[in-house]
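Got chain A; can you put chains B, C, D, E, F, G and H on it based on the hints?
Residue numbers (full-length UniProt numbering), protein chains in the order written: chain A, 1 to 230; chain B, 1 to 230; chain C, 1 to 230; chain D, 1 to 230; chain E, 1 to 230; chain F, 1 to 230; chain G, 1 to 230; chain H, 1 to 230.
Don't read these hints as lab results, they were simulated from the structure.
A couple of the hints might just be wrong.
Partial chain G-side listing against chain D, Cβ under 7 Å, derived [said to hold, decoys possible]:
1. S35
2. G189
3. N208
4. I209
5. D210
All C-beta atoms in this analysis are idealised placements derived from N, C-alpha and C, irrespective of residue type, glycine included.
Single-letter residue listing:
8 protein chains.
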Amino acid sequence: MPERWAPPPALADFVELDHDRAQRRGFPEAVLCESKSVEQVRVIAAQVRGRAARTLFTRVTDAQVGVLLAELPDAVHDADARLVAWPGEPPEPTGGLVVVLAAGTSDLPVAREAALTARHLGRPVETVVDVGVAGLHRVLGHLDLVRSARALVVVAGMDGALPGVVAGLVEAPVVAVPTSVGYGAAFEGLAPLLTMLNACAPGVAVVNIDNGYGAGHLAAQIAAPWGDAG
Amino acid sequence: MPERWAPPPALADFVELDHDRAQRRGFPEAVLCESKSVEQVRVIAAQVRGRAARTLFTRVTDAQVGVLLAELPDAVHDADARLVAWPGEPPEPTGGLVVVLAAGTSDLPVAREAALTARHLGRPVETVVDVGVAGLHRVLGHLDLVRSARALVVVAGMDGALPGVVAGLVEAPVVAVPTSVGYGAAFEGLAPLLTMLNACAPGVAVVNIDNGYGAGHLAAQIAAPWGDAG
Amino acid sequence: MPERWAPPPALADFVELDHDRAQRRGFPEAVLCESKSVEQVRVIAAQVRGRAARTLFTRVTDAQVGVLLAELPDAVHDADARLVAWPGEPPEPTGGLVVVLAAGTSDLPVAREAALTARHLGRPVETVVDVGVAGLHRVLGHLDLVRSARALVVVAGMDGALPGVVAGLVEAPVVAVPTSVGYGAAFEGLAPLLTMLNACAPGVAVVNIDNGYGAGHLAAQIAAPWGDAG
Amino acid sequence: MPERWAPPPALADFVELDHDRAQRRGFPEAVLCESKSVEQVRVIAAQVRGRAARTLFTRVTDAQVGVLLAELPDAVHDADARLVAWPGEPPEPTGGLVVVLAAGTSDLPVAREAALTARHLGRPVETVVDVGVAGLHRVLGHLDLVRSARALVVVAGMDGALPGVVAGLVEAPVVAVPTSVGYGAAFEGLAPLLTMLNACAPGVAVVNIDNGYGAGHLAAQIAAPWGDAG
Amino acid sequence: MPERWAPPPALADFVELDHDRAQRRGFPEAVLCESKSVEQVRVIAAQVRGRAARTLFTRVTDAQVGVLLAELPDAVHDADARLVAWPGEPPEPTGGLVVVLAAGTSDLPVAREAALTARHLGRPVETVVDVGVAGLHRVLGHLDLVRSARALVVVAGMDGALPGVVAGLVEAPVVAVPTSVGYGAAFEGLAPLLTMLNACAPGVAVVNIDNGYGAGHLAAQIAAPWGDAG
Amino acid sequence: MPERWAPPPALADFVELDHDRAQRRGFPEAVLCESKSVEQVRVIAAQVRGRAARTLFTRVTDAQVGVLLAELPDAVHDADARLVAWPGEPPEPTGGLVVVLAAGTSDLPVAREAALTARHLGRPVETVVDVGVAGLHRVLGHLDLVRSARALVVVAGMDGALPGVVAGLVEAPVVAVPTSVGYGAAFEGLAPLLTMLNACAPGVAVVNIDNGYGAGHLAAQIAAPWGDAG
Amino acid sequence: MPERWAPPPALADFVELDHDRAQRRGFPEAVLCESKSVEQVRVIAAQVRGRAARTLFTRVTDAQVGVLLAELPDAVHDADARLVAWPGEPPEPTGGLVVVLAAGTSDLPVAREAALTARHLGRPVETVVDVGVAGLHRVLGHLDLVRSARALVVVAGMDGALPGVVAGLVEAPVVAVPTSVGYGAAFEGLAPLLTMLNACAPGVAVVNIDNGYGAGHLAAQIAAPWGDAG
Amino acid sequence: MPERWAPPPALADFVELDHDRAQRRGFPEAVLCESKSVEQVRVIAAQVRGRAARTLFTRVTDAQVGVLLAELPDAVHDADARLVAWPGEPPEPTGGLVVVLAAGTSDLPVAREAALTARHLGRPVETVVDVGVAGLHRVLGHLDLVRSARALVVVAGMDGALPGVVAGLVEAPVVAVPTSVGYGAAFEGLAPLLTMLNACAPGVAVVNIDNGYGAGHLAAQIAAPWGDAG
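Pulled out of the complex, with its shape left as it was, chain A reads as follows:
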């Protein structure tokens, strides 16, 4: 038997974007940066510029931001959402309105990631913050806006009760995002995750803990214009 020994690719050498995944799905690409090296991110950014494909860089670290903005000068960085969008200008909005609600100020980074994602995927977006169930009048005060949405994203930590309350008030689907905000028996987001999965009102679509990007993407899909078929 001949020698078969191709040494496995090293971490720093490997960058291969799934170009056609985006094409296949019809949405911009996304690059989850958290677990990548600065050098890998730089190479990817250069490829992105070369292909001129709209791209979101999520969960970027401080060290990665400089590299990204150097390679993609017209990109925009949002520090709270830990997001770099390229190009920085989102597309012309089409489809239905996406409304993003955050139960508390601590949920704002995740809500912002969701809102920016949905907006860069082409939807019109509105955001409302600090409407937790401990102050019901606040939710009720935004009822008109909330009911005008084609899709909602509701972000909440701790008891995670807001998505179920909102779903009982609207006709559109609610994308529920549990956050790891809280302490003790919140168990890093497990408590609001379970709450949302058990929401009494139907129409609640749950995504992973702190997954603002996924929530924004899902809401953008729900509210997408559906051409002749819709």
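Just chains B, C, D, E, F, G and H now, with coordinates in the frame of chain A:
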């Protein structure tokens, strides 16, 4: 060394009520019947009649009810709450009002156990059913009653969101009871338990899953008249 | 202080449908029957007939079916899905197509509950069974149908891998339903639930374990015609 | 369709206190500082001074303390409890006595947060430390004080056994606070949390792990004077 | 290669006692019957009689008892402990005293299994029942007996607090047995198991949930006479 | 839009075997019967007979056995392993020896399912029972047989320690099967599952709890002759 | 009502040793230092010197060691075990031999804490390291020493199999200590903890994860001379 | 009784390699470095050089690398895999091909550890990266290579779906390695671990989370030449 061999007491022979626990605490006795044999329950009932001490028999099985009513003819059995109270007539109500809320009809047995317990411990009690957060207008429709309570018991399964919502609307403490109602990710009551422990509004006192007796007892303590000391 | 003692409502006496919840949400009502007594279900059925409001009875027990069909003669019972729909004839289909996929035959009851729910909420529905990831060619063989959907429901137990695979192939949102099918480390549906929450492809909306009704409802909302408001 | 694109509020720009929540509940406001930026806390402190509303700042970080004391010169900082109270002087005590017990010295910070909270909400407060169940004589040595309380807060980590023991000795409700003190199978407070939920004696009200503020608030509500309403 | 196909032994054919395990360890044999067929148990009983080796049959089912008493006429069956001992007469007691405490009457079967095991392994044994921490005076009332033990077994479900309290009062080791008694957040014995592992007082030896046999065996080893080596 | 309404297939109508999966993999087919109706199993059996493809029916219920043996008269049923093999005669053995070890008699059904599966997939198989780590001499007594295996299956419940011990003694891979045998903190097989995943010796391949079929299949793959097929 | 406002004791002011706990139990005191401030530890050390009571300081931090050695010059610090003993010289050994086994070198710190504790409580102690079950011959090589023990402490992480293996070889009780050594599915010591609770051989006494002190204390109690009573 | 007091070995003094374990198993030795001190690693390296036995040092820290390369100059360090191999040159490849697949770039370090391990144990190895199930065409594009393997290692985090998909495509066994890559409900690798244990296709051998070494070792054993015995 002399022989030391007192054979351990057999299950059927052992019945010894903690008479002074009730006296010490100032509340009626309670006998958790679920894990006792019919014969043990019969012996205890006879002792209770002999001492003439107000007693609640909780989580009674069908087989135990007959024995209890035979030994204590003026006892009253509530099938939904699985409770036998002796004497059947509760004491004259004193102290503040206890309001019991059940999120859904499935939570009614536990709510009823809580309400009857608080009433037999001497509090005035009102009960409202099916006020889950999926229909906020229902909670809000009972706002006057809810705000007149000195203590509330809020019973909810599945997402367990109701106690936190109610606590945000009232001044009095809320005793929260998670129930094992639900399926899947409700995990036999774990989900609403975590929700309640993480309620955003302060003033939520959590008890064990399905523990209607404990909730009613706690509410009765909170709403008890405190004499000169209060 | 006057006597305040309204005895709590007994289980058998309590039936109050949330009539306006359905109206408010714009969808048929649903009655979760599993935790209700036969008598409660009978009273509710009579109310439903009186109000002539389209209603789904979910998770019906054998004992409840007879009562439902007696009160609502033109209802239809689906034994596999444990569903009674009234009226039995679903509305004229509107909106986008809902495609329901079941990974294995054991997932069929939940898939069927989802499909019937979506259909009775007014959507056109197609169902495909036994397309688990252990035989990829099966999924790929249905690609045209799958890509024509406005919303998908993907039902899977055990490893729960199918929704993520499907989401990588389509543009529409995927409602993922973990089932309690399996044994051992499936932990009653926990394993596929976690798999779905961690799906690598965006666009996966997770609902509770075995919650076919919720999945069908969510898919029907996503695929609903959005008329002038969109 | 017109452009709809209100960019979501950034983290540093957002500060909006729930002014009427406090008014509605009848208790001082509380600001959970842990997850807020120093700048957000500064803005809130300025608002608080403007409205002259009694406020507690909980879980303050070292960086936030300087800003708070600069904005609110007559505030008082308690380093152990990580609490800043404004004004520093608590109100004249009314209602029943709140007794706070800590099982060990490691539980003292949480106990202190509970005691200060109850005191600033207007209750008279006494604190006793290091009365764990491994030395029963210590608990018994404080029996007179313990029995004079209208509400107790019992703080314990590790085995969390103290609240159940105390509840067996007193007539008043016991607010039980599990702490994350301990290691190994204490699982960050899960062990004492479960112990307290399963306490054999009725009258134990459980709050979240390390939630000294919540426990003090609940005890203050229980021991509040109930005036004409009771 | 020759055929290698020895069909695996069928369930009913397989019985092979670990004779020398007992000899090696110096204690009577034990046969865990719960997962064995009636026929297997019968064969084992015949072997036991043949070898004349002292043996305990634990967790016996009703169907197995008849077979055991037929094969071993001088055996004794204890229904509460689900134990058959052969011979029925325990050996002359040697070594230190084993005291078994049960927190509640529901813990009695497990306590009885522990007591009988320790007695049949040759220790003198005393049993005290219903000494839960909710009534401390009860524990304290047995202090002299408890302090005379060379080893203690403390059985408790629900909060599982008793072993830690007892360990704080005595010099001898405490074998702690959590029981599956309780409901809700007792999680089938997980709660008392964690409590006991986190007991504040040193000297607590934890065994598996409901493992009365193991506890009695361990206590018998601890209290065994140690001859010249001690 | 034309009507699209193909009612989903009913449970009783659906049977479609994955014929080419087996062909594709090169191993006999397997039909997991536990979650199938008797009628479904009958239809599948008829298909199997028609195609004359070697097939294993696993986890068969009593009601299914009769139907299987009627449709496939030359099938063989093993009651302990809950397995029906068709044809009953296994193929001529090829490849390396598979040795199956069961830690205790309670693990025998799972071990037997593994042994029969490996044998019907074409491997020579030997089985050894009751070689738990509490009696090390037993394992050591079978060392020659154990070391002659090309693949081992080690089945153990409770502490699940045996596979790690065996892996330290042999050169061949060990397929480890945790079983749900045991009680209390065995948590239905979770304990031995974790033990096996953490085995100190390398060379341990873990499968799902009670998954004897999967273990036998994996061992048969490992020990397969690699000659012409490789 | 007079003002009742004794401000709770601050963390730095509170030090009160449980002097009589040690006296009551008949063993040296122990001070768990991990959660105490340097100043608290200094005050306690001064008290200890004043009372001249033998004391162990466990889980000491680097910052605390200096203070302890300054206050107690004849104390001895063991860096691996994170233990300071005062006086440094252990008492004359009495009672039976305690043998401490560590499965791997990573378990050595916990094993050393156990060994030093048992030795300072007065027992003769021997320690053997790296005798994991992956190399059975190692355990068997120490069989004479192991069988001469009156009590054993067996420390193991990862699969935690060693205590069960050892318990099958000896007559004396085995104190089993799970460690948090390992990664992944070891879950910070949960895996070996469950293994030990499910050990097949009786005679295994489990303590908390990483609790070397507790294990040494328990072993010292078991092996203690029992005077005339034994 | 003579003094028995051999102080336990200190951490820095203890190094004893299990030389014969490797010999006994027929594979190179491995030293898990993560939990060892730099000095311990240096001593071990010197021993290894002395015995000239092929050795892998896994999970090496930066501080340990320098010491290792100084003691073993012809060793090779792979930073991504955290592996030092000595000698650096792997043996001549024998046996079947091992193919290592990584679902994403974040799984590369674990995949690389597996590939290098298998290669240094003597197998020919090929590695393919970024073939997650969200892009099925990628897996299918490598089908020829994948099907030529005698053993596969499939590394995946998050949903962990890839091993089950691959096992459905090949004849050879698949060693599945869950990784701790991901966040939220991935629970540090628990989610992919459960997915892999529940894989629908047989032939999946699961190892511990992030255990690249163990996976490479197992694959090397499976693909080993089996000489005359096979």
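Here is what the structure says about each hint:
Hint status for S35 of chain G: holds, given a least beta-carbon distance of 4 Å to chain D, under 7 Å. The interface hint given for G189 of chain G is met, as the beta carbon of that residue sits about 6 Å from the closest beta carbon of chain D, less than 7 Å. For N208 of chain G, the interface hint holds, the least distance from its beta-carbon to any beta-carbon of chain D being 4 Å, beneath 7 Å. A cut of 7 Å between beta carbons decides the hint on I209 of chain G: the least distance to chain D is about 3 Å, and the hint holds.
The beta carbon of D210 of chain G comes within 5 Å of a beta carbon in chain D, closer than 7 Å, and the hint placing it at the interface holds.
In this structure, every one of the numbered hints holds.
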